[in-house]
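K.L.:
Each chain, written out:
Protein chains: 2
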Amino acid sequence: MSDAPELLEDALVLFMPSGRRGRFPLGTPVLDAARQLGVYVESVCGGRGICGRCQVSVAEGHFAKHKIVSRADNLSPVGEAELRYAEKRFLPADRRLSCSATVQGDLVIDVPAESQTNRQLVRKRAETRAIERNPVTRLYYLEVEEPDMENPLGDADRLLRALETQWALVAPRIEFHVLPQVQAALRKGEWKVTVAVYEGDHVPLVVAIWPGFRDRLYGVAIDVGSTTIACHLSDMLSGRTIASAGTSNPQIRFGEDLMSRVSYLMMNPDGLTALTHAVRGAIESVIDKVVTDAEGTREDILEAVLVGNPVMHHLMLGIDPRELGGAPFALAASGAISMAARDLPLGINHGGRIYILPCIAGHVGADAAAATLAEGPHRSDEMTLLVDIGTNAEIVLGNRERIVAASSPTGPAFEGAEITWGQRAAPGAIERVRIDPETLVAKVKVIGNDHWSDEPEFEERLEEVGVTGICGSGIIEAIAEMYLAGIISEDGVIDGRLAERSDRIVPERRTFTFVLWRGRHEIRITQGDVRAIQLAKAALYAGIKLLMNRLDVERVDRIKLAGAFGNYIDPRYAMILGLIPDCDVEKVASVGNAAGTGARMALMNRGYRSEIEDLVKRIEKLETALEPKFQEHFVAAMAFPNKVDPFPASGRR
Amino acid sequence: MSDAPELLEDALVLFMPSGRRGRFPLGTPVLDAARQLGVYVESVCGGRGICGRCQVSVAEGHFAKHKIVSRADNLSPVGEAELRYAEKRFLPADRRLSCSATVQGDLVIDVPAESQTNRQLVRKRAETRAIERNPVTRLYYLEVEEPDMENPLGDADRLLRALETQWALVAPRIEFHVLPQVQAALRKGEWKVTVAVYEGDHVPLVVAIWPGFRDRLYGVAIDVGSTTIACHLSDMLSGRTIASAGTSNPQIRFGEDLMSRVSYLMMNPDGLTALTHAVRGAIESVIDKVVTDAEGTREDILEAVLVGNPVMHHLMLGIDPRELGGAPFALAASGAISMAARDLPLGINHGGRIYILPCIAGHVGADAAAATLAEGPHRSDEMTLLVDIGTNAEIVLGNRERIVAASSPTGPAFEGAEITWGQRAAPGAIERVRIDPETLVAKVKVIGNDHWSDEPEFEERLEEVGVTGICGSGIIEAIAEMYLAGIISEDGVIDGRLAERSDRIVPERRTFTFVLWRGRHEIRITQGDVRAIQLAKAALYAGIKLLMNRLDVERVDRIKLAGAFGNYIDPRYAMILGLIPDCDVEKVASVGNAAGTGARMALMNRGYRSEIEDLVKRIEKLETALEPKFQEHFVAAMAFPNKVDPFPASGRR
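Residue numbers (UniProt numbering), protein chains in the order written: chain A, 1 to 653; chain B, 1 to 653.
Heads up, some of the hints might be wrong.
What the hints assert, rightly or not - Not the full set, but computed from the structure, chain B residues with beta-carbon under 7 Å of chain A: (1) Met149; (2) Gly154; (3) Ala156; (4) Asp157; (5) Pro328; (6) Ser334.
The hints are simulated quantities; they were obtained by calculation from the structure and are not laboratory data. Beta carbons are placed, not taken as given, at the ideal position from N, Cα and C, and that holds for glycine.
With the sequences and hints as input, model every part of the structure.
P.N.:
What follows is the structure in C-alpha cells.
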C-alpha cells in the first residue's frame, strides 16, 4: 500500500455496431470494457485466451463525429495467449482476442457478428426476421482447485464453487447422473473442464461435463406432424441451423388420420405403447440423421424443442389421447412442459433438456402455438389471420390487442384424400392448372417437371415423371379455373350443357365430370370432388368468420398461410374459391413451416418460451362446434366464393 | 346485503397441550380457530370431513385459572359429515372432527397426539428425544374442476390450479411421469384425487396421484454399512416406525473390508457395475422386506433417506471410489444429494425422492454425519465425544461452539478379525468374561445363552449353543480382565511366570498364551491377539487425542459410543484398556445405531436436513495421517491404559 501507482491516464473506447462508448483506464482488457458498457461479446473460456470467441478488430481512422483517432497500435501488442491461439487455431490478421488485448489509447472497436452474444440470426426461408440467442443451456470452462486433505470438500463441490467464483452463477447444483463422471473428467483435463449448465429453472444445474476446453453445443427443433416429422439441428453457440431432415411419421401404419390412430389405440390394449414407441423411434432416427449430417454425435445435443398437434403431443409424451376424441376434448396437459432428456428417450445427451410448447386447446396444438410465436400476430398492429391447414385447420386471428383461436373440421380433402384422383404432393402430381375458357381444355404442370403440358419439353420428361394424380394445391387451382371458365356454377354444379361444346365434359351417372388430363390415365374432377372441396372450404371459412365475429371485425389486414398446403396454394385461387376472406392479395403470403420456425425460436431463446407461455394464457379459445352461427356461416360459404361476403380483391365480382 | 346478520357474540377457546388461546365468533370451525392461533392440527382432506385426521375432544369442566367453563355442548351438534365419517371409519364417542364442529361457547379443546402435525415422536431405543414431523413430501386431497370447452385448460393444469386455490401452494408443477396418469385418476375419482407433493425444492412438485381420498404415505431410512444394511419404514403421516429389517451387504463376496472391495474394482473392468448392482439390489430387497411386513407396497414409499461410509456412499451412487483409496482421499461429492427416485433404482414409487446426507471427509462419511445429527454434540454445552467404531473409527468431538472430526485407522481387530479366535457377534461367541485373580480361570457368557459358564444351566444350553469364538466386545473384556488379573502387564506382555501357578497360561513358541475356555475347543488369547488390540486401541485413542488437542481440551464431558461394537462393550472395560479417554462412567453411554436414527430424523423433518448440511460445512476436519503428533500419542496409547494420561474414573490407578 506504500508505493501507490500513478494515476493512470484513460482512453475513450467506442464499440460498433452498438455505438456504446466509455472511458477506461489504460491497460483495461477490451473484453472488460465491453462488459462494463453492456456490449455483448461472446466468451466461453472466461477470458483465458482459449476459446477465441471474443475476437474484435480495430476500425482505424479519424472519427470526427466521435472525436476519436483510432489506431491499431492503441491496443497492446499481440501477447502470448493470442500467439498461442493463432498458432493452434488461426486468427485473421486484423483480429484480436478482446480478453487479451488491452486499451492503450482511443479506439473504435468493431465487434464482428460471430462475437456478438445476442447476434441476430436470419431465417433463410419465408420472411427475414431475427432470432436473438439466449439459450437455456450454456457451456462454461472452469479451472477447479485440486483436492486438499485439510478441507475435504468433494470434487463436485469444488467444481460448483468454481462455477460460482469464476462465472458468478448463484448456488449451482449438479445433476446426479453427472457425479460419477466428475473425478475422471477433472483428472483427464488436469483440473480444467467444460460443463454444460441448464439455467431454465430456479437453480443453475450442471448437466454434462467434458475434460478440458470444449466449444460444441447443439440443439434440435422438431415439428412432429401426423404425416411428417421435421428436424433442424442448430449450433447453439453460433445460432446457425447446420442440418435439417424429415422423415415420415411411422404411425401412419396405425391409421392415416389422427382419429383412426385414436381408434387403433382404443381397440388394442398395447396400442398406446405401440404408438408412443413408433413416434419416439422416428424422432430418434431423424435426430440421428441431422447429427450425422453435421458430423457430430448425439452427445453434442443438449437441447430439444418439440411441437405437434394435440394428439401427437400426447402420443409422444406417452399420454392416452382418447379424451381428445370427443367433447369436451380435454387435454391431459395444456401448459408448456420442460423435462430432463433422460425422462423421454430420444437419444440426445443424457443431461439434455426437452421443452414442449404449450397447447392452445383440444384441437389447437403446440404446433399452432409455435406458428403463432413465429408469425407474431400479437406483435403487430395489423389484424392478422394465421391459417394452418391440415386435417383440421388451425386458425388464429388477432393483433397486439387481442387474439382468438379455433380449429375447423375441414377434413382431409385439402390434402388430396376423398378426391377421386387426389394424391400426396409427390412427383407426378398435378400442381398447377389453367383452363382455356373457349375449348375448356386444361394445361397442367406436375411436380417434378418444370414445363407446362403445352410446352414441347413437357413430353420429353413424361417418360420419367408421368401424370399420376392431383395434389392439394392442384385441386384448388383446378376447381378455381373450372369456376372461372364457367364449368361450375357458384353453387358448385358442373354444367352438363357444356358437354355439347367440349369432350372434356362427360356425363357420369346423373352428374357430369370434367376431364383434366388425357394421357396414360384420364384424370377427372367429379361432381363429388367439387362437393368435397366445397365442404372443406366452407368449414374453414365458417371457422374464420366466427373468429372475425368474436373480434367484431369485417376485414383482415394480413393473411399468413402456414404448413405444406398453405405453402403451395396460390393465394389468389384460394380467394377466388372463398377459402380465405377477401384481403389485399399483396398481403396474403405463404409462411412455410411456421411451426418449425417457432420451435427454433424457443430453442435459441428462452425469452420466446415465456412469450408463448404468456400468450397462450391470454389467447381466447373458441369451440366452433358450440357456436350457434357456425351453421349459417357454413351454408353461406358452400357457394363460390360465398353467398353473402364480397371478394373484391380476388379480382372477381 | 340488506338483512345484515346480528353482531355475533364470541367465545374463548383454549387449545391443549399448546396452551394457546383466543376469542372467536360463534360458528367458527374449531380447525379454523386452531389455525388462526398457529395450533397445528393435521388435515389431509382440507376440512372436507373425509380424512378424520383433525380429531379433537372437549375437556369439560371449570378451568378457574383460565376463567373458562368448558362443556361438550359448547360445540355445535354432531353434523352430517361427522356422522358419515363415524359410520364409514369409526369415531370414538368423545372425539369430534374439528373441521366440522363449530364454536358455540367457551371451550377447552384437547388436541390428541395423533392430530398434532408437529407431533413429537419418541425413539424407543437409546435416549428419548423427539423427532418433530416436517416432511418434504406431503399428501393433498383435491377437488378438481371438470373440463370446459370454452376454457380448454388441460386436466393437469386444472389440477395444479386446484392445488393453488385449495391448498395455497405457490406455482406448483407436475412431474412429467405423472402426466399420463392424470386423466384416468381424475375420472376414476370423479374429479377428486389425492396427490403427493414434493416441497423440498424451489417449486412444489406433484410426484404421484391416486383417485379419490388416500392417507397412506411411507418413507424409509436406510443405513448402508459395509457389513449390514439396516432399514426402517416410517409412516410419514403419524411419524411411527412401523417396520425394521436388516440384511447383510452382499458386497462381502467381493471383499470383507472396504479396501479389498476397492481393489476388486480396480482389478475388474466391470467391478464398479457389479458392486453398485449388488448394494442397490440388497437395498431394494430390504425395502421389500419392511414394506411387506407393514402389509403395504413399494408404491406407498415416497421418500428414502440413505446414509453410509464414503466408500458405500460412492458405490451405491455408482461412483468409482478408488480416489478414496489413497491421499488426498478425494470424495467425488461431499455435499448432500437429493434426487428423483427414478434416477436411483431402489424400487420405491417412481415419483419418490431420495436424500443422501453429506459426507464429512474422505474417511468420515454420511453415516458419521447422521450419527452427529442424532447425538447432537452441536446442540450441547458439554464437550461431547462421539465414536463409531468399525474398520475405521469415525470420531467427532465438540459442543455448541466448535466441532472437529477425524477418522482413525483402527483396522478390523475390534470386529474380531485378526484375532485368533475372533468371530462375528453371533450365537456361540463369548461376549462377557470374568477372570478369578487367584486361579486365573475365566468364566464366560456367550451370545445365545443367558447364563454364566459357572452356572449349572449353562451346560444345559451347551448342546444347542456351543462356545465357538470371541466377538469384539468379548475380546475387550477378556484383555481388560487379563490386565486386571495381572496376566498382562501395562505394556501388554503375557506374564509367562504365571504358567507355574496356573495351567491357563501356556507357552507357545517364544511367547505365552492365555486359555480363556476349555471345552470342545480350547479358546485362547495369544500374545499376537493382545498386540492387535493394542494397535487398534492406540490408533483410536491417538485420533481422539488429536481432536482434543485441536480443541485444546484436557477432558471430555460425555462419551457416546455408536455402532454395533459400541453398543455391546462395557464402557468401564473400554476405559480400563484406555480405548477412550477418562470420563465419568455415568456419562459414557452406548447410543446404538445413531446413524440410523439420524437418517430417520432427516426422513421425518426437512429442518434436520438443513441442520446437518450447515453443520457439516462448519465441522473442522482433521486428517490424522498428516498430524505430526499422531505418532507420539499412538506410542503412549500402546500401553494399558496409557503411558501418559491418567484414568482415575476407570477405578484403576
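K.L.:
At a threshold of 7 Å, is the proposed contact between Gly154(B) and chain A supported by beta-carbon distances?
P.N.:
holds, 3 Å
K.L.:
Would the hint on Asp157(B) be counted as holding, given a Cβ-Cβ threshold of 7 Å to chain A?
P.N.:
holds, 5 Å
K.L.:
Should the hint that Ala156(B) touches chain A count as held when the rule is a Cβ pair under 7 Å?
P.N.:
holds, 4 Å
K.L.:
Against chain A, with CB atoms and a cut of 7 Å, does the hint on Met149(B) hold up?
P.N.:
holds, 4 Å
K.L.:
For the hint on Pro328(B), just tell me whether its beta-carbon gets within less than 7 Å of chain A.
P.N.:
OK, holds: Pro328(B) within 7 Å of chain A, min 5 Å.
K.L.:
Please verify that hint: Ser334(B), Cβ, nearest Cβ of chain A, below 7 Å or not.
P.N.:
Holds, about 3 Å.
Hint compliance for this structure: every hint is met.
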